[in-house]
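Number of protein chains: 2
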Amino acid sequence: MTTELVVDVKNQIKHALEEVRKKNIENVFFVACGGSSALMYPSKYAIDREAQKIDAHLYSSNEFIHRNHSKLGQNSLVILCSHSGTTPETVEAAKFARSKGALAVSLTNEPGSPLAQASDVVLKYEWGQEANAFTTNYSVIYQLVFGVLKEVEGNSKFEVIEKSLENLQSVYEKAASQSHDSAVEFGKQYKDEKVIYTMASGANYGVAYSFAICILMEMQWIHSHAIHAGEYFHGPFEIIDEETPFIILLGLDETRFLEERALEFSKKYGKKLVVLDAKDFDFSGIEEEARGYIAPLVLNFVLRKYADNLAEQRNHPLSKRRYMWKVEY
Amino acid sequence: MTTELVVDVKNQIKHALEEVRKKNIENVFFVACGGSSALMYPSKYAIDREAQKIDAHLYSSNEFIHRNHSKLGQNSLVILCSHSGTTPETVEAAKFARSKGALAVSLTNEPGSPLAQASDVVLKYEWGQEANAFTTNYSVIYQLVFGVLKEVEGNSKFEVIEKSLENLQSVYEKAASQSHDSAVEFGKQYKDEKVIYTMASGANYGVAYSFAICILMEMQWIHSHAIHAGEYFHGPFEIIDEETPFIILLGLDETRFLEERALEFSKKYGKKLVVLDAKDFDFSGIEEEARGYIAPLVLNFVLRKYADNLAEQRNHPLSKRRYMWKVEY
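These protein sequence lines are chains A and B, in that order. At position 268 of the first sequence (counting the first as 1) the number is 268 in the working numbering, and the numbers step up by one without a gap. At position 20 of the second sequence (counting the first as 1) the number is 1020 in the working numbering, and the numbers step up by one without a gap.
Treat the hints with care, since some could be wrong.
What the simulated footprint calls covered on chain A by chain B, stretch by stretch (three residues with Cβ under 8 Å from a Cβ of chain B suffice, anywhere in the stretch; the number is not a length) [as the list claims (entries may be wrong)]:
no.: 1; segment: 16-25
no.: 2; segment: 49-62
no.: 3; segment: 301-313
Listed next, the in silico EDC-like pairs over lysine to aspartate or glutamate satisfying Cα-Cα at most 16 Å (straight line) [as the list claims (entries may be wrong)]:
no.: 4; chain 1: A; residue 1: K194; chain 2: A; residue 2: E153
no.: 5; chain 1: B; residue 1: K1071; chain 2: A; residue 2: E243
no.: 6; chain 1: B; residue 1: K1194; chain 2: A; residue 2: E243
no.: 7; chain 1: B; residue 1: K1194; chain 2: A; residue 2: D241
no.: 8; chain 1: A; residue 1: K71; chain 2: B; residue 2: E1166
no.: 9; chain 1: B; residue 1: K1191; chain 2: B; residue 2: E1173
no.: 10; chain 1: A; residue 1: K194; chain 2: B; residue 2: D1241
Since the hints were made in silico from the structure, they are not lab data. Think of the CB as a built atom: it goes at the ideal place given N, C-alpha and C, for glycine as much as any other residue.
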């Protein structure tokens, strides 16, 4: 089953790249909302660092439509994502992109959804405990992005990334197992907190953002804010004291110095620090030059275990909502 | 005195544009930290909407250096800002930009500062209660940016923006006077709050960000987070209830719909709402087509009065710090 799905993802990417090849792509817009937007941050980081020609932009779906970026046009690739494929702003954004002549490629778990119907190309990703990492959203978007970099401007990292993603599942499993006790401890220690900050930089910032707005604010009703580790010293750090909890992420990319500096300071004046350092995990099977890009995926996977434990300790299931899908908005 | 300074700013911009003209500018990087970064958000919004050729990117200074964007080069204009001109990351960023062949233009209040020395061109701006709006940071960067759009690709809005900025001071004064009672009331009503969120979109998001990280977190040690009004419905809105304060900004740009939608929802489920709507202010003297761009400047000016009153009511001066400039970091 998994092998079939792996082959299927590869075929889907191949098809998407055939469509990309027909265009003269000059820029990529990453367009989604909330968690689906957050999973695109590492891809923007990758294009920023790797691309010789392509420019990358990232906007929440409605901001994308109303801002109406002047460079959006027939040489644009717009990459969208909605898990259910029903997020109205993102469906509208796909239509808007196509009305400008752009190529709209959408990631979704529901290939029959409105988003899928509104897009030129659909990439179905897998989801849940049983899914192999290679077939999930973070992996599929990386395959697409590095594939585009290869097709459009001959970037050489596609194979390295693809091979690393094929080996990602075992990294996930080892990291989760290694973090089991820390995740349980996190749930117990932080269950009564009213505010929990998250912090990261570079490729990892989206993971901090996702944990802050989706897990803490949305699913746990805990106040939060994803602080950029570089911005920390220019305002936010005045908030830290021995009572204020911070989840600090350390990745393996070129901005790691920013995260290390933020951690070092936080250790001096804070006491409630939850540190997830990608260096502590076993990245066997991930090529050396891909590790900076893969680290946020691993951190995100491990953090979900932290979320599970927090929810359990608080008797507040991650599925509990008061407004989302329940009231008009 | 003011007239002399107005002429001086115009001469400085003229000189900067002469340097721009010598290059073949393809992209602009906005590089600064904290509040100095926040004041660049409207300029990125302007380029995103207006530019036919130029791409705009915005990064915190250390992220800019370590991310090492592949498009940074001799066809890049890097616009930096530091009030004192001593922010180490921003000084380093100027050096880094020039090492890549880019043109580094810096805004600062201190033309003899390290940042000024590390840059190709220095733009001194005025500051404080006595300064005319035309000579302050938000105005100077707009003059530069619209000047660049004019020089590089013939955009026609420079004169409209310049004229509007010349009339900005009286808009500021009327808006502040009109908001006096609301600002006093804000200080009284919210002085005991532990968390205050801010929210906006488009050109105004940077103002929300600045108020969250510089005023609330840095200067008042109040928990905060600037929520993007479009992202609100994809996570953050689950946090709102009758006890949770939100400052909601409404500007005059193309994304106003996002802010209106966020406000409408918040009114249903929240009670502690502080609404600043640019529509309530008198924009006489600001050209119609410039109003969307000018609104964040007015909102920012008025919000400073809110900050003053909050600080006074809390007996916590805006100048009070525990770490910044006091300890090693």
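Structure-based check of all given hints:
no., hint, result
1, 16-25, "violated (count 0)"
2, 49-62, "holds (count 9)"
3, 301-313, "violated (count 0)"
4, A:K194 to A:E153, "violated (48 Å)"
5, B:K1071 to A:E243, "violated (42 Å)"
6, B:K1194 to A:E243, "holds (13 Å)"
7, B:K1194 to A:D241, "holds (14 Å)"
8, A:K71 to B:E1166, "violated (30 Å)"
9, B:K1191 to B:E1173, "violated (25 Å)"
10, A:K194 to B:D1241, "holds (14 Å)"
Checked against the numbered hints listed earlier, the structure breaks hints 1, 3, 4, 5, 8 and 9; every other hint is satisfied.
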